[in-house]
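Novice: This is what each chain is made of:
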Amino acid sequence: MSHPAIHVKNITKRFEDVTALDGLSFTVEPGELFFLLGPSGCGKTTMLRILAGLETPDSGTIRFGGEDVATRSPYQRGAPMVFQNYALWPHLNVRDNVGFGLVERRMARREVHARVADVLKRVGLDGYGQRLPGQLSGGQQQRVVLARALVVNPSIVLLDEPLSNLDAKLRGAMRNEIGRLHRETDIAFVYVTHDQVESLSLADRMAVMSDGRIEGMGKPSELYHRPPNRFCADFLGKANLAAATVTACEGATIRLDTPFGAWSARAAAGLSWTPGEAVLCMFRPESVSPGSAPPGANAFDALVANLQLTGATLEVDLRCNDDAYQATVLSRYALPLEAGRTSAWHVAPEDTVVIKRQEEV
Amino acid sequence: MSRRLTSLAPHLILWGILAFLAVFLGWPLLHVFRGAFADKDGFSLAYVTALLTDPLQLQALANSLTIAILVTLSCLVVSLPMAWFMARRCFPGKGLCSALLLIPLILPPFVGAVGMKILFARAGSLSALLMRVGLTDGPIDWLGRFPMLGIVLLETMHLFPVLYLNLVASFANIDPSLEDAAANLGATPWRTFRRVTLPLAMPGIFAGTTLVFIWAFTELGTPLVFGLRRVLPVMIYDSVSEVGTNPMGYARVVLVLVISALGFWISKRLTRRSQRTATLGRLSVQRQETPLRGLPLVALYAFMGTVLFVALLPHVSVIMIALSRRWFLSVLPEGWTLEFFGRALGSDLTQGAMVNSLLLAMSASVIDVILGFCIAWLCVRRKLVGSDWLDTVAMLPIAVPGLVIAFGYLGCFAAHFPGSWLDPRTNPMALLAISYAVRRLPYMVRAAHAGLQQTSVTYEEAAANLGASPLRVIRRITLPLLTANLLAGAVLCFAFSMLEVSDSLILAQSEPFYPITKAIYSLMDGLENGVNVAAALGTWAMCLLGAGMLWAACLLGKRMGTMFRAG
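The listed protein sequences derive, respectively, from chains A and B.
Here the first sequence is numbered in the numbering used here, starting from 2 and rising by one per residue.
Here the second sequence is numbered in the numbering used here, starting from 1334 and rising by one per residue.
For the record, the hints were derived by calculation from the structure and aren't laboratory data.
Virtual Cβ for every residue (Gly too), placed ideally from N, Cα, C.
Some hints here could point you the wrong way.
[Claimed, not checked] Computed Cβ-Cβ distance ranges for the label pairs, DEER-style:
id: 1; chain 1: B; residue 1: Ala1520; chain 2: A; residue 2: Ser41; range: 44 to 50 Å
id: 2; chain 1: B; residue 1: Leu1385; chain 2: A; residue 2: Ser74; range: 44 to 50 Å
id: 3; chain 1: B; residue 1: Pro1751; chain 2: A; residue 2: Asp18; range: 55 to 61 Å
id: 4; chain 1: A; residue 1: Val198; chain 2: B; residue 2: Gly1519; range: 55 to 61 Å
id: 5; chain 1: A; residue 1: Leu310; chain 2: B; residue 2: Arg1527; range: 33 to 39 Å
id: 6; chain 1: A; residue 1: Gly42; chain 2: B; residue 2: Trp1523; range: 43 to 49 Å
id: 7; chain 1: A; residue 1: Ala109; chain 2: B; residue 2: Leu1804; range: 20 to 26 Å
id: 8; chain 1: B; residue 1: Asp1513; chain 2: A; residue 2: Leu336; range: 46 to 52 Å
id: 9; chain 1: A; residue 1: Arg111; chain 2: B; residue 2: Leu1804; range: 23 to 29 Å
id: 10; chain 1: B; residue 1: Leu1804; chain 2: A; residue 2: Met108; range: 16 to 22 Å
id: 11; chain 1: B; residue 1: Ala1514; chain 2: A; residue 2: Ala109; range: 58 to 64 Å
id: 12; chain 1: B; residue 1: Arg1715; chain 2: A; residue 2: Leu310; range: 56 to 62 Å
id: 13; chain 1: B; residue 1: Ser1843; chain 2: A; residue 2: Thr72; range: 57 to 63 Å
[As the list claims (entries may be wrong)] No farther apart than 16 Å at their CA atoms in a straight line, the calculated lysine to aspartate or glutamate pairs in the EDC-like style are these:
id: 14; chain 1: B; residue 1: Lys1716; chain 2: A; residue 2: Glu17
id: 15; chain 1: B; residue 1: Lys1716; chain 2: A; residue 2: Glu56
id: 16; chain 1: A; residue 1: Lys220; chain 2: A; residue 2: Glu30
id: 17; chain 1: A; residue 1: Lys239; chain 2: A; residue 2: Glu316
Only chain A is shown next, with the shape it has when bound in the complex (with noise of 0.2 Å):
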């Protein structure tokens, strides 16, 4: 039987006053591109650090490949890291900072320049083994952070927000470089950001963390489509939230009453719903479609508060029963749409998400 390349479970951590982490359980595959995604200060880094040994939890248990490490000092760990500010060591080259780790595997001198130049070729830094890392952009640090990483042939590799450090131009190039590098090898990665976009667009699977818990854990699409919770909904994208009350649950379809009239979702797998449970109602902006409803679409009337063109799409505010949604509609000529009007618009109930409303203020 194969074991995940990281098993964790229960994890808590706190620092004084503060819980860091708070029972925090997952696992990762072997090969898998794992994301922690969450807001700054909800623990996601301590997390990381914790996997890479450099904090000590107050409880839980963590595997690496079915072997527990959680008493292993960080440099018995063997899960290399990319750290957020590089620290790439400027008093050694870049072949010396890429080579490190093979040295201190007692690796011969011969094997670890093969090794080195080999790696350096795979991020696309050939010929820069006797630049210091003081002598190189931004990007090319931190493709040799990565060589670094890279270059011991671990099963896992830790990520500690590699891009927050680029501008934005650069990030989406590296972005697409990650996940090369990652297909090309089978590695586990852990990734760590609070950026959605990086998350959603690279991530084999992830978490949404946040104040030391984890809100929802799944494949990008599954989490941005079907969220979870309002936590969920809210991080991953913008999210259209009504109040509403389940009327009926008809096998995988619900219906609910809603300040809009009467609507239909699509049941999630995995949860149940009463009639007469108090719920929330969530729909994306571009899920929103203008003019009247087919048959069996959820419909409703909003006046039209404000448009705006960013190019492909058109954003639009609305305004229903003095609370404010949004609509994304692709940006077509001659669109009947006009601010300070009210017009139909129209949802279809396998864009509608019923999310439990206990955490509701």
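Given chain A's structure and the hints, the job is docking chain B onto it.
Specialist: For chain B alone, kept in the frame of chain A given last:
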């Protein structure tokens, strides 16, 4: 290394260092206190009362305090304008000036005093000059008339670089945008300086003035050479011979210690608040140094020129004494010779002194590098139980004058280890090296501390993360990254150990163990041109130190100032 040992090692090092400091810092201090406050019947205030009621002693205290306060004030007057211009303006010759300003540090003031004597004593140059131009009839002993003035002048000229370096560093650390904001809101340059720059630089000013105050208050060599016996340090020196029998010496030492500690404590209290706010200002903008032109530039040149001329006068006269065949009641020496430079290297005494000083200074530097690095590492990187203590204790020698430590060593090690390698009467070398090291430890800790804080901990985490054990991380990452700081700290420690006066004068009691400073002191009273040989030996020492300081300055660059910070 086994896991147990790896996790235990930091604790062992921590407690080992604490034990070392307890024996070589805590115990001597305790001994001094016990000597001052205990008689046969137990606790007694008799000696301290006797000290504080004897008009002679009180006058010595008053003299010492007057010297210290005057020296501190005049150092401030000299350094403040120069430091501000150095930190804020650029002008031709700035690099040369900043190097020249460090030269006064390379000569112990009491050696300079020998030079001053030649210039201003009864048979000195000034008398000769005034007689020749006919302003006076007979020779006048300027130093005899104003001994305090001479001491204050000499010590000021020796110590102002310490304050100057502190000030430059604190001015440079102020975020330029804070001053820009003041100017933007309508403050003139002068009001910006008074309302923004000066308050923000207060920690550095207090730290520097405290150092200078304690230094001047406990300076032994200069008053000794000028023949001013009625100051506390000299009276303590005179009581060395009766250390075991007369407790008055201990009482005087306690008085010096209490006043020094008080000065240090007051400056700490006064800066606590401003220190917190000053660290808020990070350097967000690169500072643009405005070029200085016209009249202000001329004025600055004139000011610096005067200061440097006066500050280097002792050095120049010492070199001239070393070169002169005869210099008595004449403006300049009559006849030149290189003979004394040869003799300064030739005799058993001087050769021994050179070797001793080199050996001692090197041992002290090595001890300090090891201790300083370990302490800084334990305090910054491992926050073990007890590392706060360690930090406090290691910084303590700043407030403890060398005089006190030397006196304490003499008292307790001679009494408890008679005849052993720790008995300064039989062989003071070990204690001298240790006392030098303990005295300079704060500077070394500071240097290593600053280095570690400027070095992101992630460098070490990354190394551990890639499989380097704690020892390997220190060897491959931490130490290489700290080389400049540690080396510079070691060089300064070396330089100041070579210059150390009070420890050397008190602890080294027989000729084979004399370090350079004590050899110079003993040569000065000698026959057969002893003064000339002493001056030549002083010149050799100056060359050695000048080279050392230059090297340290190159290694540290602008960070030189951090070495002398006291807070």
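Novice: It remains to establish, for every hint, whether it holds in the given structure.
Specialist: Going down the list of hints, with the structure as the test:
no.: 1; hint: B:Ala1520 x A:Ser41: 44 to 50 Å; result: 37 Å, violated
no.: 2; hint: B:Leu1385 x A:Ser74: 44 to 50 Å; result: 59 Å, violated
no.: 3; hint: B:Pro1751 x A:Asp18: 55 to 61 Å; result: 57 Å, holds
no.: 4; hint: A:Val198 x B:Gly1519: 55 to 61 Å; result: 46 Å, violated
no.: 5; hint: A:Leu310 x B:Arg1527: 33 to 39 Å; result: 56 Å, violated
no.: 6; hint: A:Gly42 x B:Trp1523: 43 to 49 Å; result: 45 Å, holds
no.: 7; hint: A:Ala109 x B:Leu1804: 20 to 26 Å; result: 22 Å, holds
no.: 8; hint: B:Asp1513 x A:Leu336: 46 to 52 Å; result: 51 Å, holds
no.: 9; hint: A:Arg111 x B:Leu1804: 23 to 29 Å; result: 26 Å, holds
no.: 10; hint: B:Leu1804 x A:Met108: 16 to 22 Å; result: 19 Å, holds
no.: 11; hint: B:Ala1514 x A:Ala109: 58 to 64 Å; result: 59 Å, holds
no.: 12; hint: B:Arg1715 x A:Leu310: 56 to 62 Å; result: 58 Å, holds
no.: 13; hint: B:Ser1843 x A:Thr72: 57 to 63 Å; result: 59 Å, holds
no.: 14; hint: B:Lys1716 x A:Glu17; result: 15 Å, holds
no.: 15; hint: B:Lys1716 x A:Glu56; result: 14 Å, holds
no.: 16; hint: A:Lys220 x A:Glu30; result: 13 Å, holds
no.: 17; hint: A:Lys239 x A:Glu316; result: 11 Å, holds
Figure legend: structure checked against the earlier numbered hints; hints not met, in rising order: 1, 2, 4 and 5.
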